[in-house]
Every structure is written in structure tokens, then in C-alpha cells.
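Student: Here's the letter readout for the chains.
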Amino acid sequence: MSNSETMVDTAPAPATPESEVKVAAGAHLTLVERLIMPTILIVVLFGLPWFHPGYRLLSLATSTGVSAIALYGLAILVGQAGIMSVGHAALMGVGAYTGAILSRDLGMNLWTALPFAAIFSALAAGLVGLPSLRVGGHHFVIITFAFCGLLAIVLTNGGAFTGAASGLDIGAIAPLFGVSFGKLQNVYLLVAFFVLASIALTWLVMVSRYGRTLRSIRENEKLASALGIDVRFHKIVAFMLSGAFAGVAGILQVYFLQHISPELFGAFPSVYIALMVMLGGPRMLYGPLAGALIVTFLPEVLNLDPIDARIAYGIGLIAVILLLPGGVMAGLASLYRTLRSKVARA
Amino acid sequence: MEIFLQQLVNSLSVASVIILIGIGITLIFGLTGIINFAHGEFLMIGGMTTWLVVSNGGGFIIGLVAAVLFVGLLGFVLERGLFRLTLDRPMNGFIISLGLIVVLQHFVIRFWNSYQKSIPEPLSGVWEIGGVQIIVMRAVVVLITAVVVAITFFGISRSRYGLALRASVADQETASLMGVPVRRYITGVFIYGSMLAGLGGALMIALFPITPFIGSTIVVRGFAVALIGGLGNVAGAVVAGLVLGLMDGLSAGYGLPEWTEAYSFALMILILLLRPNGLLGGTAGPRAV
Numbered sequence: 001m002s003n004s005e006t007m008v009d010t011a012p013a014p015a016t017p018e019s020e021v022k023v024a025a026g027a028h029l030t031l032v033e034r035l036i037m038p039t040i041l042i043v044v045l046f047g048l049p050w051f052h053p054g055y056r057l058l059s060l061a062t063s064t065g066v067s068a069i070a071l072y073g074l075a076i077l078v079g080q081a082g083i084m085s086v087g088h089a090a091l092m093g094v095g096a097y098t099g100a101i102l103s104r105d106l107g108m109n110l111w112t113a114l115p116f117a118a119i120f121s122a123l124a125a126g127l128v129g130l131p132s133l134r135v136g137g138h139h140f141v142i143i144t145f146a147f148c149g150l151l152a153i154v155l156t157n158g159g160a161f162t163g164a165a166s167g168l169d170i171g172a173i174a175p176l177f178g179v180s181f182g183k184l185q186n187v188y189l190l191v192a193f194f195v196l197a198s199i200a201l202t203w204l205v206m207v208s209r210y211g212r213t214l215r216s217i218r219e220n221e222k223l224a225s226a227l228g229i230d231v232r233f234h235k236i237v238a239f240m241l242s243g244a245f246a247g248v249a250g251i252l253q254v255y256f257l258q259h260i261s262p263e264l265f266g267a268f269p270s271v272y273i274a275l276m277v278m279l280g281g282p283r284m285l286y287g288p289l290a291g292a293l294i295v296t297f298l299p300e301v302l303n304l305d306p307i308d309a310r311i312a313y314g315i316g317l318i319a320v321i322l323l324l325p326g327g328v329m330a331g332l333a334s335l336y337r338t339l340r341s342k343v344a345r346a
Numbered sequence: 001m002e003i004f005l006q007q008l009v010n011s012l013s014v015a016s017v018i019i020l021i022g023i024g025i026t027l028i029f030g031l032t033g034i035i036n037f038a039h040g041e042f043l044m045i046g047g048m049t050t051w052l053v054v055s056n057g058g059g060f061i062i063g064l065v066a067a068v069l070f071v072g073l074l075g076f077v078l079e080r081g082l083f084r085l086t087l088d089r090p091m092n093g094f095i096i097s098l099g100l101i102v103v104l105q106h107f108v109i110r111f112w113n114s115y116q117k118s119i120p121e122p123l124s125g126v127w128e129i130g131g132v133q134i135i136v137m138r139a140v141v142v143l144i145t146a147v148v149v150a151i152t153f154f155g156i157s158r159s160r161y162g163l164a165l166r167a168s169v170a171d172q173e174t175a176s177l178m179g180v181p182v183r184r185y186i187t188g189v190f191i192y193g194s195m196l197a198g199l200g201g202a203l204m205i206a207l208f209p210i211t212p213f214i215g216s217t218i219v220v221r222g223f224a225v226a227l228i229g230g231l232g233n234v235a236g237a238v239v240a241g242l243v244l245g246l247m248d249g250l251s252a253g254y255g256l257p258e259w260t261e262a263y264s265f266a267l268m269i270l271i272l273l274l275r276p277n278g279l280l281g282g283t284a285g286p287r288a289v
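The listed protein sequences derive, respectively, from chains A and B. Using our numbering, the first residue of the first sequence is number 1, and each one after it goes up by one. Using our numbering, the first residue of the second sequence is number 1, and each one after it goes up by one.
These are calculated hints, taken from the structure and not from any lab test. Errors might be hidden in some of the hints.
Unchecked claim - To spell it out: a stretch of chain A is covered by chain B in this simulated footprint if at least three of its residues, at any positions, have a beta carbon under 8 Å from a beta carbon of chain B; those stretches are:
no. : region
1   : 239-252
2   : 267-278
3   : 314-324
Every residue gets a Cβ at the ideal spot worked out from N, C-alpha and C, and that includes glycine.
Given only the sequences and the hints, what does the whole structure look like? Please build it.
Tutor: Structure, rendered in C-alpha cells:
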């Protein structure tokens with residue numbers, strides 16, 4: 001095993017981007033090493049309420065979890081398919097408003113409305129994704145931004161249907177299998193479950209044939225298409241999958257806050273979502289979660305006021321992009337590999 | 001008809017600011033491939049600089065010059081310190097500019113709060129021509145913009161520096177083999193674009209009050225103008241800026257002002273879909289960095 005590892009090290013500079021090499025190197029991790037992260041994750045994620053974290057921390061953790069779900073959706077798009085979008089808050093908005101309007105007009109609860117939120121957001125994402133077939137790169141990023149701006153204007157001008165600028169209110173989460181969601185702790189656990197599901201789904205996408213297809217599109221669209229991959233179809237599917245994550249995050253957000261308004265889903269929240277993904281590392285399995293945690297909890301830990309926190313966040317992000325272009329988790333992963341190979345050699 | 005003319009004249013001054021922003025974006029993107037979403041923040045900082053100078057007893061002209069110079073300096077520092085490092089990875093430059101939005105905006109809010117700032121109108125007075133009232137300051141804004149646009153346009157299409165610039169856009173490698181200091185041109189264009197944003201900010205605060213949040217609204221217009229006109233195309237940016245400015249002004253004058261922004265978004269999406277290179281055609285960004 002150490003043999004093949006040194007082979008990776010001494011191999012002539014590979015033409016593939018660094019991340020592919022990392023994935024190859026990661027294949028040599030032992031079973032224990034592979035299970036460390038998921039175990040820590042599950043223990044911390046579901047163990048948190050038993051440490052009596054207090055209302056504020058638990059509510060921060062819940063909103064972090066909600067964002068993390070949307071971030072995983074965006075990470076599939078950015079990290080795997082290589083399509084950047086700065087309109088993701090709009091897709092969350094579609095899910096959130098679907099939930100709120102279905103509850104108001106048809107009396108549906110979270111459980112019955114959830115599939116609709118996911119489907120509507122996925123459809124909206126497919127629509128936003130359509131221009132990506134025609135225009136690439138930078139142009140497309142700006143189109144997603146414009147879509148996001150459009151949605152915020154439509155929500156603000158939607159009159160009674162969308163509640164205009166003041167938004168909509170919604171009741172609490174309906175009990176499921178006798179579990180009541182009156183207590184924040186149970187809402188947190190519900191969100192934690194969805195976070196875990198998002199990570200699991202992202203992992204499935206990453207290791208599956210579908211993930212390889214998306215990465216081939218990311219690395220070389222023309223080559224992928226020459227190899228018989230239906231690039232257009234897969235791009236839209238990636239968008240819709242990503243949108244479904246955002247829809248679930250959106251409806252969870254509306255039920256958690258019990259109130260939504262258009263400014264939650266405008267251009268700035270979208271920019272923040274994109275930045276969190278880039279900060280954590282869009283190609284890493286735990287990158288989006290790390291991004292969400294850093295952005296939410298670092299200001300708390302350092303006890304910064306909101307304005308200073310934003311400045312620190314912006315500077316931190318710029319530093320990460322310059323020093324660790326793959327994000328914090330990619331940096332940590334390569335640090336771990338370096339240490340590990342040093343230990344192995346010693 | 002008179003109301004129409006009135007709206008037309010008013011929207012021209014709005015269009016001017018948008019054109020200044022759009023030209024900066026179109027030049028910077030066209031040559032360097034940097035998508036600087038913080039360009040609107042540059043404008044905001046230009047406006048705030050003017051406000052600081054004027055509220056500390058300086059004249060508007062000093063405020064305007066200070067804004068142009070300060071934002072130019074800011075552009076220089078940021079290009080050398082940040083964007084230069086991302087030239088081979090434009091997407092990282094884009095992300096950095098998003099981070100810069102957050103930093104610059106909150107920096108201004110931290111020291112000078114988030115309320116809107118205004119300065120007394122530098123030039124008061126109204127001209128009346130055939131029943132159409134023209135506010136003098138607005139006319140001056142249009143005039144300054146027209147002069148700057150003309151200088152920029154002829155500088156690029158006629159001067160030898162413009163020729164070298166266009167050569168660098170077309171093919172950086174060949175241009176540098178022909179002795180064009182491409183890197184220096186990139187810095188120069190970035191500074192020039194930033195100065196235009198500073199000028200736009202100074203002119204804008206002369207027209208209306210501005211808040212630290214103005215940047216994100218204006219940058220979207222700027223990108224709309226740059227993309228609709230064709231990236232790197234100054235004449236295209238002017239045409240697109242006029243179209244958007246008039247659309248803004250007319251929709252505000254003829255009902256539905258709450259949809260004003262939606263029009264520019266929708267137009268931008270539509271034109272990018274139908275004519276990805278813009279109405280007048282442009283560069284697709286720099287080739288071979």
C-alpha cells in the first residue's frame with residue numbers, strides 16, 4: 001500500500017487537476033480512517049441536544065443545518081458538475097413559499113407539502129439551468145444572479161398571494177408518528193436528520209457512476225459529449241437535483257422561522273450561499289457543512305459584533321480562496337495526508 | 001409629450017451613471033477576464049468619499065476629484081494585491097470579488113453607519129426649454145459622462161495605447177511578444193475602470209442620496225449594460241446604458257415603478273440567451289492568459 005502511495009507521489013506531474021489526484025490518494029485510507037469522520041459527524045449531530053446547549057446555540061445550530069442542506073445541493077452543482085450559480089437562495093425561496101402557500105390555501109402540513117416543495121424547486125432549478133446549455137461560465141453566473149433578483153421582485157410585488165414585502169406566516173410543524181415538534185430540540189433533530197440525509201445523498205452522487213459523469217462534464221464538456229455523454233441532459237438533471245435540496249431546505253426554513261419574507265431569498269443571501277460553499281470546499285464531502293459551521297459559529301466563538309463578523313468573514317473568505325483554492329476542507333485533507341505520509345515514512 | 005420629454009431628460013442622467021459603471025465593467029472584463037462584482041461597491045465608495053469631503057467643508061469638485069483618485073488607488077491596490085493572483089482562475093477572482101462586497105460594504109457601515117448619505121445639490125437651478133424643465137445638475141452629469149465616454153471611446157479606437165490594448169485583448173501572448181506590457185495594461189485598465197466607478201459615485205450622490213447598499217443594485221445594472229452591449233465594447237455599453245436608463249426612467253414615469261428592476265433583469269436574461277455576445281458583439285473575454 002505504501003508502494004502505490006509513493007507511486008502517486010513520484011508520478012510525473014499529472015494532467016488531471018489536483019482534486020482527482022486527491023481522490024486517488026484517498027483511496028488508500030484505511031477503513032478506520034474512513035469511518036472516523038462519519039462517526040464524529042453522527043455523534044455530534046445527534047448528540048448535541050443532550051449536552052444542554054441552551055436555546056440560542058440550538059437555534060443557531062438548526063439554522064446552520066437548514067443552510068447546510070441547501071449548500072449540499074449547490075455543492076453537487078459547483079463541485080461535481082462545475083456549474084457556478086449565485087441564485088441558489090431563489091430556489092430555497094421557491095421551496096419556502098411553496099410550503100407557506102400550500103399550508104395557507106390547502107391546509108397542508110410540512111410532511112404533505114415537502115414533496116411539492118422539492119418538486120417545485122427542482123422544476124424552477126431546471127428552468128434556471130436551461131440557459132446554461134447555451135451560455136457558459138461567467139455569462140451564466142450573471143444569469144442566475146438575474147433570476148434571483150427577478151424572483152425577489154416577483155415575491156415583493158406578488159400582492160396577497162405572496163404576502164408582498166411583509167411575507168407570510170405559518171404554523172408549527174405537525175406531529176409525526178406521535179412525535180411533537182413544539183420543542184426546538186425536536187426541530188433540531190429533524191433538521192439534523194435531513195443534514196445527514198443530504199450528506200449521504202451527496203456521497204452517493206460522488207462515488208456513483210453519475211458523479212463520474214458529472215465530473216467528466218466539469219473537466220471537459222466537449223470530450224464528455226464526444227464520449228457519448230448527454231451533456232445537456234445531465235446538466236439539467238444536476239440542476240434539478242440541486243434545486244430539490246434547496247427546496248427541502250426552503251420548506252424547513254419556513255417551518256423553523258414560522259415566517260418568511262422576500263429579502264431572505266434575494267441576491268445577497270444567494271451570494272452568501274455561494275460563498276459558504278466555496279469557503280468550505282465544494283468538492284469535499286464535508287466542505288459545505290464546514291462552510292456553514294464556520295460562517296455561523298466563528299462569530300459566536302470570537303464574540304464579534306455582526307458588522308465585524310461580516311468583515312472578518314469576507315477577509316477570511318478572500319484568504320481561503322487565495323491560499324487554499326479548494327476550500328478549508330480540501331486544505332485540511334491535504335494537511336492530513338502530508339502528516340500521514342510523514343508519519344508512515346518515519 | 002412634454003411629460004415624455006421630461007422623463008427622457010431625467011432618465012438620461014440615470015443612464016449616465018449606469019453607463020459609467022458599465023464601461024468600467026466592460027473594459028475590465030474584456031481585457032482581464034476578471035468579473036468584479038465589487039465594482040458597484042467601488043461606486044458606493046466613490047459616493048461616500050465625495051460625501052466625506054463635502055460634509056467636512058470641501059467643495060463638490062474637490063470631492064469628485066478625491067473620489068476618482070481614491071477609488072483609482074483602491075483599484076490599484078486590489079488589482080495588485082488580489083485580482084492579479086487569480087488571473088489564471090477567473091472563477092476565483094469572481095468569488096474574491098463577492099468577498100470584497102461583504103468587506104467593503106460592512107467597512108463603510110462600521111465607520112459611517114448604514115443610513116443614507118446626501119450632499120447639498122452642488123448646482124441648483126432649472127433650465128426651461130420649450131416647456132421641458134431641465135435640472136442643471138442633471139444636465140452637467142450627462143455632459144461629464146458624454147465627455148468621459150468620448151475620451152474613452154477615442155482613446156481605445158484611435159490612440160496607439162488603445163491599439164495595444166485591443167491587441168492584448170485579442171491575443172495576450174502575441175501582444176506581449178510585440179512588446180506590449182500586457183500586465184501593466186491590465187493594471188491600467190483596472191485602475192481606469194475603478195476611476196470611472198469613483199466618478200459615477202460622485203455624480204450619483206450629486207443627484208440622489210445613497211446608502212452603503214447601493215452597490216449591489218448598481219452592479220447588476222452595470223453587468224447588464226456590459227453584457228447587453230457586448231463585453232469589451234464601449235459603444236455597446238453606451239447604447240445598452242441608454243436603453244436601460246430610458247427604460248428605468250420611463251417605467252418610473254408611466255406607472256409600475258415597482259417592476260423597474262425586473263425589466264432590466266428580464267432584458268438581460270433575454271439578450272444573453274438570444275445573443276450571448278451582446279447586441280453589438282464583444283469579446284468573449286481574454287483568450288489564452
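Student: Flag every earlier hint the structure violates by its number, smallest first.
Tutor: 1
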